[in-house]
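*Asks:* Residue numbers (my numbering), protein chains in the order written: chain A, 4 to 315; chain B, -6 to 262.
None of these hints come from the bench; they were simulated from the model.
Being a predicted model, the structure only gives us computed values, none of them experimental.
Glycine residues also receive a C-beta, built at the ideal position from the N, C-alpha and C atoms.
Treat the hints with care, as some may be off.
[Claimed, not checked] What follows is a list of derived Cβ distance ranges for each label pair:
no.: 1; chain 1: B; residue 1: Val31; chain 2: A; residue 2: Val298; range: 47 to 53 Å
no.: 2; chain 1: A; residue 1: Gly88; chain 2: B; residue 2: Leu32; range: 38 to 44 Å
no.: 3; chain 1: A; residue 1: Pro294; chain 2: B; residue 2: Val(-2); range: 37 to 43 Å
no.: 4; chain 1: A; residue 1: Pro303; chain 2: B; residue 2: Val31; range: 46 to 52 Å
Chain by chain, the residues:
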Amino acid sequence: MAPAGLRSGRRALWGPTRRATMSVFPRAIPIPMSELTAPGSALTPVRPDHAVELDDVTFGYDQRPVLTGITMRIPRGGVVAIMGGSGCGKTTILRLIGGQLRPQSGRVLVGGESVPDLDRDALYAMRRKLGMLFQFGALFTDMSVYENIAFTLREHTNLPEELIRDLVLMKLHAVGLRGAARLMPAELSGGMARRVALARAIALDPMLVLYDEPFAGLDPISLGVVGQLIRRMSEALGITSLVVTHDVYESLKIVDYLYFVSDGKIIAEGTPADVRASGDAFVRQFVDGQPDGPVPFHYPAPPYRSELFARA
Amino acid sequence: MLDSVLAGIAATLRRLGGGTVAAIGWLGYAARFGVAVVLETPAAFARLSLTLREIYFAGVLSLVIILVSGLFVGMVLALQGYDVLQRYGAAESLGVLVALSLVRELGPVVAGLLFASRAGSAITAEIGLMKATEQLSAMEMMAVDPLARVVAPRFWGGVVSMPLLAALFSTLGVFGAYLVGVKLIGIDPGAFWGNMQAGVDFRYDIVNGVIKSVVFGIAVSMIAVFEGYDAKPTAEGVSTATTRTVVESSLAILGLDFVLTVFMFRGGA
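Could you put the whole structure together from the sequences, leaning on the hints where they help?
*Replies:* The following block contains the structure:
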């Protein structure tokens, strides 16, 4: 496909420009902000200007449910976080959006298209408009930083080599790593690898970027850098960002809206201001990092006394 | 009492049935995977540089072990063969004995076993680690099919390399036998080569040997890429998958070799 056609096609498909999107953004979520809402209590009508919509999505492996009744709306150009403890099903949501998993029930829409109903070609076409940052970068270890970023450009366009070179250097410059182009992934620090992966995720100028734990295992400086990059990418390029994380402090600084997931359900949602002011027990435990609360410290077990003195 | 016995029997039957269904499901999955990989053949050859790279990794880098093994197998074969043949005054037949053993059996089989442990295990470990570090997943999310980009080139790299390695193994084996038989023991070189030329038939011996090595190449490469792709994405899963590749490939080579030999060499010629 000719690159020019690809670009104009995307414009036409993904509609409003950045400025418009950003200015309407706060009003794009018609949920009462005064309080964090209970799940499902504020179903908004299906709106075509949402980049991603999940409608009452249920998913599980065999008999074990992972997600139940997940409903969320990600407005175009917004930065939205999905927060929750480890293993609560956050990453599963990303895999549903990317079409790597199919929901058992409910709808998953990306740019108005129902992802589970796409055939293979349409799914791959959808994924070309989507970037994903994996938890530990998932850089191709047998390729240099440069080759990693050139990878998608080479696979999906037939641009001349000089143009690919310029594009790769521009993406690397955006994440501050133009000087690291010739390094191999094994020579990068964790934070640098994450930034290279970010450059790779935006190589094809996607309309939506999914971030899977972008802050995991980073030192405070790299953490701040990655956080600011996510925000800047979103503002400068009009990219819609969906950040799956358990880093409350960092994400409150950069996101417009948060969903809290626990045990496969959305148990609270709201803007960062709502979250800071929230009296909800789970949100407080999560934000303040308390060891015990609605999420218990102890894994379910028989009573302590009866187990210790069982033999007596 | 009766109830508990019946319940026990029912549970056993259920486990047996469940296990059978799971095993058949797994076989079906493996077969579908195999077909999918073969269907990606055009993709593997459209990206010729990738396939050539895999031929380099699977083939060229296996050369040392294959050539050295071939040489030593040939030399040992010559020593043992001479020991028996000279009792019957047939020492001049050493050349034909060694050549037939190598071309028909030892070349494809031993080269296949070495190939499975040298290249097959490496392919499995590489694909398994790519899966464990989410590189395959990342590729899928970039709308690039890992079967076409990663699996098919490795499969074809193995399929192309294996017959060439088996041929080189046999060649070096014959050379090793020449060193021992002619240079060391002192068999007449004319008899050694002459008997070999007269006794080895191109169609019956060499082509059948090449067919064997092609079949082994397909089997080992398919097992290696499948085990890598199917590996559990953990350190333990990758190590298990690598072991399985070597064990399954070796058993497949020995089993297939027997079946092929039954069909190919039923006496006569």
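*Asks:* Enumerate the violated hints, using their earlier numbering and listing them in ascending order.
*Replies:* 3
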